[in-house]
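Enquirer: Residues per chain are reported as follows:
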Amino acid sequence: MKRVWVSLVIALSATMFMMWQNGAFAEKAKDAAPAAAKAEQKAETVSASTMPTISIDKTSLSNGGTIAVNGTAPAGKPVYLEVWSDDKVRVSRFDADVDKTTGKRPYILYMTEQMPAYYKIFMPKDKKETLDGIKKEGKNWSVSKTLKDLGADIAYSAPAKAKVDRYQATLMGSIIGSRGDLLPQMDEKENRQRSMQLIKVRFRSPDKVLGADVEVDPAGTYRAVINIREGLAPGKYSIVAVVDKGVQSQPVSFENKIVFPVMYLSNAGTSLNIVWPFILCLGISIFGVLMGAGGGFILNPILVSLWPLPHTVVAGTVMPTVLFSQASGIYNYSKIKFISWKLGTAIGLAMLVGGFIGPKLTELITLDQFKFVFGWILLILASLMFWQTTPGYISKNKKEQAILKEFKKKAEETTKAKEK
Amino acid sequence: MIVEFWGHEFKVNIILGCLGGFLIAIVSSMFGFGGGPFMTPLLAVGLGLPMYLVVGSSLLAIFFNTLMGTMRHYQFGNFDLTFFLIMFPAAILGGFIAPQIAKRVSPLVVKRVAVAGLVILSLNLLGLY
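Respectively, the protein sequence lines represent chains A and B.
What the first sequence shows, in our numbering, is residues 1 to 420, in sequence order.
What the second sequence shows, in our numbering, is residues 1 to 129, in sequence order.
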């Protein structure tokens, strides 16, 4: 409703502006009855003085590249360029920090399916120092404070429209694997605030979402060469120039294209050259089998460190890859009756329950916590491995291995004899 | 619980086994790895079972965890098909290549390299280097 009024007001003022500028043209405009059409026409005419304009030098990119943006803006005003992709990804954040006003932990899971896979605000070059200061602060930066300090909050609009759901998590709920009760929809202002926190979860560091690249000429023009990095979502991107709240240009769009072997991981929101993860996975799985393990515990931390992949997607995707090798291993052992079904199933049922709970917990932790705990897991594993290379263990293990071989041989022979 | 395996009977402390398995399953499904390198020591050292009983049975137990973990991750939307299709062939191929190499390298050397690699990686993850 508010928007209709705003457009009506704009349309009216535009009409008056046109009347003042050119009587004949204004009459024609008045005749054009639909208000919306009038508003559009007006935006073009008025732009010279109040509304900024925008134009870009190309409409398609191949896995990133640079785009020259220029246009006009009201003299003396800073110009912000808001860039976002049409492609959306899911982001979630678990809020368990102590609330400063109530002193309680809220335990609320915020989640949206509509976070743009790419989002960045480019601001005037004179903000560079402030931005560099924020980058130096490191991990504890806050999106809302940063945007306010840089004056960029007027340009923040695309992710604010993402509908953020919140779930009240409970201990019991987490155990049985439910996200908790869906709380009522937040109002626009709070939704905007929460979407900023999700921006940080998604993009991690300030230089991913903010850049000081716009050269503003006091006479009323601006230009910028914006760099769209590699590894982003393919599809349509939009740019809009903003000078003040609600004072912005029409959006212009360009297309980002990717070609094989670069592929887009739609769930992770990242494009990457598939050759590298393939080689990495191959190398680690060979090494993993040699040391008598799957290799997932080495692969996962490397994947989250090398590429901007969410830890939830990495954990959820690496796990199924070992499923089939495990199944074939079980099949091979079962052929020679080398599995104790009773023992395996008994402990397996306990693990089934654990496996039910674990994946829920992945989305409750942040990437940094993921890395931290993984660091300790690997240290424990390293000490286990080290212990297996000590002389005492080796001599014991040699006997064990000899017995193992003997039993395996016996088992194979029995199976063969039966088949005959 | 008493388990009979190839003519021998073993007394198994099933409560300890299940509790350990349960905890390993939570951590491994949460972080997305198999859990084999933890499960084998649990059964072999924690429960004092011989290797020939442990190898096959621990694999079976882990399979339960991986299967459930996979389903749950899929349910929570953590599964990316493209990513899976990149890694899956690599993992299978690795499973074929590794046994060919295994005959030529000493497992002791592999383990020592692994220890060094794991320590470096964990220090990196903990932000210490």
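I should point out that these hints are in silico values taken from the structure, not numbers from a laboratory.
Mixed in with the good hints, there may be bad ones.
[Said to hold, decoys possible] Only some residues are given here: those of chain B computed to face chain A with a beta carbon under 7 Å:
1. Val3
2. Trp6
3. His8
4. Asn13
5. Ile14
6. Phe33
7. Phe63
8. Asn65
9. Arg72
10. Ile86
11. Leu108
12. Ala114
Remember, predicted model here, so these are calculated numbers, not experimental data.
Cβ coordinates follow ideal geometry from the N, Cα and C atoms, glycine included.
Enquirer: Does the nearest C-beta of chain A fall within a distance shorter than 7 Å of the C-beta of Val3 (chain B)?
Expert: Nearest chain A Cβ about 5 Å off; hint holds.
Enquirer: A closest beta-carbon separation below 7 Å is what the hint needs, so does Arg72 (chain B) meet it against chain A?
Expert: 4 Å, holds
Enquirer: For the hint on Trp6 (chain B), does the least C-beta distance to chain A fall short of 7 Å?
Expert: Status holds, d = 6 Å.
Enquirer: Under 7 Å, Cβ to Cβ, is where Phe33 (chain B) needs to be relative to chain A, so tell me if that hint holds or is violated.
Expert: This hint holds: Phe33 (chain B) lies near chain A, its Cβ roughly 3 Å from the closest one there, short of 7 Å.
Enquirer: If you take the shortest Cβ to Cβ gap from Leu108 (chain B) to chain A, is it below 7 Å?
Expert: 6 Å, holds
Enquirer: Asn13 (chain B) was flagged as interface toward chain A. Is the shortest Cβ-Cβ separation under 7 Å?
Expert: Hint violated; Asn13 (chain B) Cβ to chain A Cβ min 11 Å, cut 7 Å.
Enquirer: So, Ala114 (chain B) near chain A? Judge it on the closest CB pair being under 7 Å.
Expert: 5 Å, holds
Enquirer: If you take the shortest Cβ to Cβ gap from Asn65 (chain B) to chain A, is it below 7 Å?
Expert: Holds: closest Cβ of chain A sits about 4 Å from Asn65 (chain B), inside 7 Å.
Enquirer: Is the hint on Ile86 (chain B) kept, meaning its closest Cβ partner in chain A is under 7 Å away?
Expert: Hint on Ile86 (chain B): holds, closest Cβ of chain A at ~5 Å, below 7 Å.
Enquirer: Can His8 (chain B) be said to touch chain A, with a Cβ gap under 7 Å?
Expert: Since chain A brings no Cβ nearer than about 10 Å to His8 (chain B), farther than 7 Å, the hint is violated.
Enquirer: Does Phe63 (chain B) pass the interface hint, meaning its C-beta sits closer than 7 Å to a C-beta of chain A?
Expert: The hint holds - Phe63 (chain B) has a Cβ within 7 Å of chain A, the shortest such distance being about 5 Å.
Enquirer: Quick check on Ile14 (chain B) please, does its C-beta sit within 7 Å of some C-beta on chain A?
Expert: Since the shortest Cβ distance to chain A is 6 Å, the answer is holds.
Checked against the numbered hints given earlier, the structure breaks hints 3, 4 and satisfies all the rest.
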